[in-house]
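Colleague: These are the residues of each chain, in order.
Protein chains: 2
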Amino acid sequence: MEQIKSTSLATGVAYTVPDGSDEYALQKFVQSNQGKKIVAVQGLGFVGTVMSLVIANSDQDEYAVFGLDLATSNSYWKIAEINAGICPIVSSDPLVSEFFENAKLKNNFYATYDSMAFSFADVIIVDINLDVTKVKDDHGNIESYDVPLVGFKKAIESIGQVCKEDVLILVETTVPPGTCQKVVYPIIVESLKSRGLPTDKFKLGHSYERVMPGPNYVNSIKNFYRVYSGINEESADAVEKFLKTVISTNEYPLTRLKTTESTEMAKVLENSYRAMNISFAIEWSRFAENAGVDLYEVVDAIRLRPTHANLMYPGIGVGGYCLTKDPLMASWASQEFFGLESGLQSSVKAVENNDKMPMFCFDFVSNILKHHDKEITSIGLLGVAYGPGIGDTRFSPVEDFYKRLSMHFDNIKCQDPYVSLWAELNLEIETSLEAFLGLSFDILIVTTGHRDYLNNDSIYELIGRSGKEMIIIDTVGLLDLQKLPAYFSLNKNFYVLGVGHNED
Amino acid sequence: MEQIKSTSLATGVAYTVPDGSDEYALQKFVQSNQGKKIVAVQGLGFVGTVMSLVIANSDQDEYAVFGLDLATSNSYWKIAEINAGICPIVSSDPLVSEFFENAKLKNNFYATYDSMAFSFADVIIVDINLDVTKVKDDHGNIESYDVPLVGFKKAIESIGQVCKEDVLILVETTVPPGTCQKVVYPIIVESLKSRGLPTDKFKLGHSYERVMPGPNYVNSIKNFYRVYSGINEESADAVEKFLKTVISTNEYPLTRLKTTESTEMAKVLENSYRAMNISFAIEWSRFAENAGVDLYEVVDAIRLRPTHANLMYPGIGVGGYCLTKDPLMASWASQEFFGLESGLQSSVKAVENNDKMPMFCFDFVSNILKHHDKEITSIGLLGVAYGPGIGDTRFSPVEDFYKRLSMHFDNIKCQDPYVSLWAELNLEIETSLEAFLGLSFDILIVTTGHRDYLNNDSIYELIGRSGKEMIIIDTVGLLDLQKLPAYFSLNKNFYVLGVGHNED
Chain A
1 MEQIKSTSLA TGVAYTVPDG SDEYALQKFV QSNQGKKIVA VQGLGFVGTV
51 MSLVIANSDQ DEYAVFGLDL ATSNSYWKIA EINAGICPIV SSDPLVSEFF
101 ENAKLKNNFY ATYDSMAFSF ADVIIVDINL DVTKVKDDHG NIESYDVPLV
151 GFKKAIESIG QVCKEDVLIL VETTVPPGTC QKVVYPIIVE SLKSRGLPTD
201 KFKLGHSYER VMPGPNYVNS IKNFYRVYSG INEESADAVE KFLKTVISTN
251 EYPLTRLKTT ESTEMAKVLE NSYRAMNISF AIEWSRFAEN AGVDLYEVVD
301 AIRLRPTHAN LMYPGIGVGG YCLTKDPLMA SWASQEFFGL ESGLQSSVKA
351 VENNDKMPMF CFDFVSNILK HHDKEITSIG LLGVAYGPGI GDTRFSPVED
401 FYKRLSMHFD NIKCQDPYVS LWAELNLEIE TSLEAFLGLS FDILIVTTGH
451 RDYLNNDSIY ELIGRSGKEM IIIDTVGLLD LQKLPAYFSL NKNFYVLGVG
501 HNED
Chain B
1 MEQIKSTSLA TGVAYTVPDG SDEYALQKFV QSNQGKKIVA VQGLGFVGTV
51 MSLVIANSDQ DEYAVFGLDL ATSNSYWKIA EINAGICPIV SSDPLVSEFF
101 ENAKLKNNFY ATYDSMAFSF ADVIIVDINL DVTKVKDDHG NIESYDVPLV
151 GFKKAIESIG QVCKEDVLIL VETTVPPGTC QKVVYPIIVE SLKSRGLPTD
201 KFKLGHSYER VMPGPNYVNS IKNFYRVYSG INEESADAVE KFLKTVISTN
251 EYPLTRLKTT ESTEMAKVLE NSYRAMNISF AIEWSRFAEN AGVDLYEVVD
301 AIRLRPTHAN LMYPGIGVGG YCLTKDPLMA SWASQEFFGL ESGLQSSVKA
351 VENNDKMPMF CFDFVSNILK HHDKEITSIG LLGVAYGPGI GDTRFSPVED
401 FYKRLSMHFD NIKCQDPYVS LWAELNLEIE TSLEAFLGLS FDILIVTTGH
451 RDYLNNDSIY ELIGRSGKEM IIIDTVGLLD LQKLPAYFSL NKNFYVLGVG
501 HNED
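Chains as they are written, first to last, in this note's numbering: chain A, 1 to 504; chain B, 1 to 504.
Hints may be right or wrong, so weigh each one.
Since the list gives no way to pick out one identical chain from another, each pair is judged satisfied if it fits inside one copy or across any two copies.
[To be verified] In silico BS3-like pairs for lysine-lysine, Cα to Cα no more than 25 Å straight-line: (1) Lys36 to Lys164; (2) Lys193 to Lys182; (3) Lys258 to Lys492; (4) Lys134 to Lys182; (5) Lys258 to Lys483; (6) Lys241 to Lys37; (7) Lys36 to Lys104; (8) Lys153 to Lys134; (9) Lys349 to Lys136; (10) Lys106 to Lys241; (11) Lys492 to Lys468; (12) Lys164 to Lys193; (13) Lys182 to Lys413; (14) Lys370 to Lys413; (15) Lys28 to Lys201; (16) Lys413 to Lys244; (17) Lys356 to Lys403; (18) Lys349 to Lys134.
Since the hints were derived computationally from the structure, they do not count as laboratory data.
Start from the sequences, fold in the hints, and give me the full structure.
Modeller: Okay, structure coming up:
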């Protein structure tokens, strides 16, 4: 039988995916952490891994943490690297590796693919992904969307099969509102029943993180407001007690809501709100561009009003795992679980709009090039991650933009300080800005607003060295025209998405 | 010929609309204000009247103000009452009458219907209304919308026909972005040309107010951030100089934008943003109600995030003159003036959603009544104004709600501390809360969130006195269940729009 390999996105090393039991190692880990409570975190993604680190570094040092993920080619490398002492998260936040090194020293964080780990756990935290599938027409309009729960249910079953009867299960995954009550609870009850165990002792709660991968990655979990709930009073109390030991709840008080539906809804509402704000900016970008208006100065002027402070700047679009799907998840739940016939049309429309943004961005670029009588032999893209300060390329708007560009142009090169391999496109990425801008480009397009680019003004110097003939197109409003070499001028050879230029 | 009458919305007095010239009075006013600059404010609506008062009360006392409106049955009463020393604005802000009384003492505010007043003016401020027409289908979906500019153009022509060649014209009306350049400018140039005057001396600018009628009515003009622009540098300078004399620009610095399109866009963008936020809350209200979730506690929990502070509470809907039309105005301009084919779909959708809100609210009420085996012989509505603390009923969501109710129920009575005559429905309104709650109702529905209702807890006492059998439905989240008599309980005989109740 052929061995499955799992290649690390952090180091590029390929690991052989095991298929046996990991129980011996689990036992050993529990023994060496005697006196500590066992927490099992299901899912070692962008949330689960850092959540594990935060728990392993709790103030009272009372926890030993199992991090679980699947023995698949996509996921296993994280397990292998964590246990080999390599942090699988590449981040601009130094606390990530600090917390990782601490856990290593204390030997209280072990990663595994073996769900027997749940049998040891006093607390189980569900941090797995739950995806939304979208079907679109040729114009990018969303025709339908679905939340296939099969994988999620399986994951919950793997807990129910072995968990303690009085375990606390804390769901952190973003789920369709109603999921804890209508999906998780019955699965656990069924499993306990079939194991001949009482079904009234386990606790089930929901609390969502507000992780922002980036320079404040760890603090966005540890030092930030949290909302939580339980399926009953004891569950809510248990969640509260646990969260107080890992989160700085004195500075960031917890908020308890009445039902798990409430917190589940709060999470997707938060993200839908954000998605809608972005979608709003996108629509007005087009208007501003056509009307010769600088949308940045308009937004700045309006934001002076506290009631309008959340207004957003224009940009290349929205990416990442959450904002691109959560509004659909909400709408899906409103229909499937709660009979709201029309769903949440505006939220769905927001996702649709946002998904179209790279297309608008491409049109913006094409339109500029039409006005320049110039042969384009090389294009440079600055940034491929979906947002500033992070190495996450999942659903990055740059991906769609890149694909559109590459249908019309050869020789497109990309740079990103946080991404060395662009997994989705299997592309090698230059991480050195200096090396990258040493190449000369006909067009340089800023596609991610990494603040690093502005540190020490290096980008301005490097642009100054690199080419007088270059056109710069800033799709995220990063660059300051005043700091660019004097031969750059707005709407002549320097363009900003969301800033109109009168065509003549 | 029959005389036209104009009936005051403030006092109920009917005035005969004049049709002659008012020039003698204009002359006299100018003479008695020698040494002062003359400002003419076109339009004595909710903005123009208070703007006039603010200018007449400028710190350096340098202005005499003409307030202009039309000699029509709708508008003339304001002119008559101002000149008779009666403030035509009913407001919870004591500064309104204070400013009015001051101007009376100084004799520097005169109202007129005679556009010859513009011939004396150094500064002309355009504060007239510009409406949007909507066509809807049977389900309340917006089929089309238009911005008929005929009346607006006429008003600008009336300025061009007599204005000084070096006048400063400051447009404050909310207009489709592009209007100053594409409509106002050419009209004034044409008029001056035809009068044989130079066309390069007048100044034209745009600056929008952010009036919030209510307890801070005057300060929302005088003490608040302002955005301004001019069609050229001198115009922008002139606007700046003028605004600095009437607005507290030290505490609330002015923001100059590059073009009149920019400020025109800023205004409609602001209001579209607000409309969208409301529309968002509306959609999630339905979801929360169906899912048994209390949307108020969810919103409170989320608002702790500064990035989500603008999230809004659910409610009966949006009313007033601006939010119900500005997004359409913006979309219209994007298509008509700047060739954006699709317009601003999300903004249009927001208006459509918001307009449907009273319908949802009616459904909410009907649904509750279905679960109560109770004959409904009397209904009380608390509040008919479109928002808290104001007497403005224009486009109040309560209007549509009332109409729907009245198709199914007789004997609906209304109360509002700020409205004695509901002009749109020609209904007498009880202004005394005490008298109103002395009547007994089967259902009491809170329809406007006037804070006055909560002063001294009077509403809770009065409800306590009025009826044990009453059902209370709060459509704006005003009442506090804890303060209501103990026999009220949530989702039994006290219901809140946006707070779900599990139907059993």
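Colleague: Should Lys193 paired with Lys182 be assigned to within, between, both, or neither, using CA atoms and 25 Å as the limit?
Modeller: Within. Shortest intra-copy distance 17 Å satisfies the 25 Å Cα cut-off; inter-copy 75 Å does not.
Colleague: From the Cα coordinates, with 25 Å as the cut-off, is the pair Lys413 and Lys244 best called within, between, both, or neither?
Modeller: neither (47 Å within a copy, 52 Å between copies)
Colleague: Within a copy, between copies, both or neither: where do Lys28 and Lys201 come within 25 Å Cα-Cα?
Modeller: For Lys28 and Lys201, neither the intra-copy (28 Å) nor the inter-copy (89 Å) Cα distance is at most 25 Å.
Colleague: When Cα atoms must be at most 25 Å apart, do Lys153 and Lys134 count as within-copy, between-copy, both, or neither?
Modeller: within (20 Å within a copy, 48 Å between copies)
Colleague: With 25 Å as the alpha-carbon cut-off, assign the pair Lys241 and Lys37 to within, between, both or neither.
Modeller: Classified as within; 13 Å inside a copy, 69 Å across copies.
Colleague: Are the CA atoms of Lys182 and Lys413 at most 25 Å apart within a copy, between copies, both, or neither?
Modeller: neither (48 Å within a copy, 44 Å between copies)
Colleague: Please work out whether the CA atoms of Lys370 and Lys413 approach to 25 Å or closer within one copy, between two copies, in both situations, or in neither?
Modeller: Only inside one copy: Lys370 and Lys413 sit 21 Å apart there, 65 Å across copies, limit 25 Å.
Colleague: Since the copies are identical, ignore which copy is meant and state whether Lys258 and Lys483 lie within 25 Å (CA to CA) inside a copy, between copies, both or neither.
Modeller: The answer is between: 20 Å across copies meets 25 Å, while 52 Å in one copy does not.
Colleague: Are the CA atoms of Lys36 and Lys104 at most 25 Å apart within a copy, between copies, both, or neither?
Modeller: Within one copy, since 16 Å is at most 25 Å while 80 Å is not.
Colleague: With identical chains, the pair Lys106 and Lys241 could be close in the same copy or across copies; at 25 Å between alpha carbons, which is it: within, between, both, or neither?
Modeller: For Lys106 and Lys241, only the intra-copy Cα distance (23 Å) is at most 25 Å; the inter-copy one is 67 Å.
Colleague: For the identical chains here, do Lys349 and Lys134 meet the 25 Å Cα criterion within one copy, between copies, both, or neither?
Modeller: both (13 Å within a copy, 22 Å between copies)
Colleague: How would you label the pair Lys349, Lys136 (within, between, both, or neither) given a Cα cut-off of 25 Å?
Modeller: For Lys349 and Lys136, both the intra-copy (12 Å) and inter-copy (21 Å) Cα distances are at most 25 Å.
Comparing the model with each earlier hint shows violations of hints 13, 15 and 16; every other hint is respected.
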